[in-house]
Every structure is written in structure tokens, then in C-alpha cells.
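**Student:** Here is what each chain is made of, one letter per residue.
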Amino acid sequence: MTGAVAAPDRDPGLQPERTRLAWRRTTLSSTGAALLAMKTTLHGGTSATAVTVCALCGALWLGFLLVAHRRIRALSATSSPSALTPRHATAGALLTVALAVCAAALVF
Amino acid sequence: MIEFARNVRLWFAPQELRQEGGTPDYRFSLANERTFLAWLRTALALIGGGFAVDQFLPDLRWGWRVGLALALLAAGVLCSLRAVNHWIRCERAMRRGEDLPASRFPALLGLAVAVVAVAMVLVVLVGWEG
Numbered sequence: 000m001t002g003a004v005a006a007p008d009r010d011p012g013l014q015p016e017r018t019r020l021a022w023r024r025t026t027l028s029s030t031g032a033a034l035l036a037m038k039t040t041l042h043g044g045t046s047a048t049a050v051t052v053c054a055l056c057g058a059l060w061l062g063f064l065l066v067a068h069r070r071i072r073a074l075s076a077t078s079s080p081s082a083l084t085p086r087h088a089t090a091g092a093l094l095t096v097a098l099a100v101c102a103a104a105l106v107f
Numbered sequence: 000m001i002e003f004a005r006n007v008r009l010w011f012a013p014q015e016l017r018q019e020g021g022t023p024d025y026r027f028s029l030a031n032e033r034t035f036l037a038w039l040r041t042a043l044a045l046i047g048g049g050f051a052v053d054q055f056l057p058d059l060r061w062g063w064r065v066g067l068a069l070a071l072l073a074a075g076v077l078c079s080l081r082a083v084n085h086w087i088r089c090e091r092a093m094r095r096g097e098d099l100p101a102s103r104f105p106a107l108l109g110l111a112v113a114v115v116a117v118a119m120v121l122v123v124l125v126g127w128e129g
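Chains as they are written, first to last, in numbering that gives the first Met the number 0: chain A, 0 to 107; chain B, 0 to 129.
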């Protein structure tokens, strides 16, 4: 009987889980953008510059995965996790900006 | 603009944010974080759209293709910078117990995306005729 009832310290709205999944979705979006970057590079003749920029996109993607992974671990560690730190949020946003700059370099 | 510069300083200074007001219910902070992530996904989608214009409209003239792609990429940059700025403003408002900040950015982004979409439709139609 007690198995059906949620543990008392668990948030009934599952907010940490939803936030964790939101981070997952965001890594998925960043994967999509990185794959499109790779397709653009392969399509437009593989010059040394293009390959370098593409490698940079890959590195940015890995950086984003790392940021997301650290936040996901922090979210699943406790039942009432602490808020996102500004540094973490800024890192995520700046990695996205850097990806856009690489994209502009590839497209141009 | 000065307000924005002051917020940019906060982006890198977690201790300064923590000094303001009291810690809100963690669920509110998490909801704010999810909103931030949704905006970041929007930014990533715009960047993906920039790549897609470049890749999937190869018959367009170079100027139009690159122009549209760069417009989408610039929208992506603005969107992600604004995401972190709005997140920090909401976080601070919640700590101080103020109203959440109002913003005209969603309306502006909506209009910009509509303009790019109309431009793409026109360019593709004209491109097919010509």
C-alpha cells in the first residue's frame, strides 16, 4: 500500500525531474545544431578553415553537454535542489552564442 | 542600456545575486530555469534554421541565402543573450518579492520570425519563376 504513495520528501509536481528533462531536451537541440554544422561543412568543400570551425562546433557541443551533465547531476542529487547559478546559465548562453558565431563563419 | 550592463555584471557574480532579498521556493527557481532553457532551445532552433536556409535553398542567389541565414543566426544570438538576462531579472525579482519583469522581446522576436518567413516565401517563389 505504501508503495503507491510517493515518498514524503518528493515534490508531487516533479519539478526537479521536469527541469532535468528540460536540460535533456536542450542538449538534444544543441546536438541537432551541431549535426547541421557538420552537414554544412561536408557540403561546402572541406577547406582547412571549414574543418577547424566544424571542430570548434564539436568542442562547443561537448562543452554544452558538460554544462548540462553537471546541472542534471546536481538536480538528481537532492529532492529540493538549489537554484541554477548565474555562472552556469551564462556558460550555457555563451556556448550557444559561440555556436551561432561559428555558424555565421561556416555560412559566410 | 546601463541597466543591461549592470545585469551583465550579475551574470558572472552568483554571490551578488544571493545577497539580494530571500531565497524563494525552489520550485519557482526551477520553473524560471525551465523558461530559460526553453528560450535557449528557441535560440538553438533559430541557429539550426540559419544552417537549414543555407543548406536547403541552394538555388537562391548567394546574397539572399547568406542574408536570410545571417538574420536567423543573429536572432539566435539575441535570443540566447536575452534568455540569460531575463532569467537573472526574474531571479532577482523573485528574491526581492517584486513583480516579474515585463518584456517586449517575445513580440519583437515573433515579428522578426514572421518577416524572415515572408521573405523566404517570396524568395523561393521568385526563385522558382526566374
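Derived by calculation from the structure, the hints in this document are not laboratory data.
All residues carry an ideal CB built from backbone N, CA and C; glycine is no exception.
Wrong hints could be hidden among the right ones.
[What the hints assert, rightly or not] Here's a subset of chain A near chain B, in silico, CB distances under 10 Å, partners left out:
#	residue
1	T39
2	G43
3	A47
4	V50
5	L83
6	P85
**Student:** For every hint, state whether the structure bears it out.
**Tutor:** Hint check results:
1. T39: 5 Å, holds
2. G43: Result: holds, 8 Å to nearest chain B Cβ.
3. A47: Because about 20 Å separates A:A47 from the closest Cβ in chain B, which is outside the 10 Å limit, the hint is violated.
4. V50: This hint is violated: A:V50 lies away from chain B, its Cβ roughly 16 Å from the closest one there, beyond 10 Å.
5. L83: 5 Å, holds
6. P85: The hint holds - A:P85 has a Cβ within 10 Å of chain B, the shortest such distance being about 5 Å.
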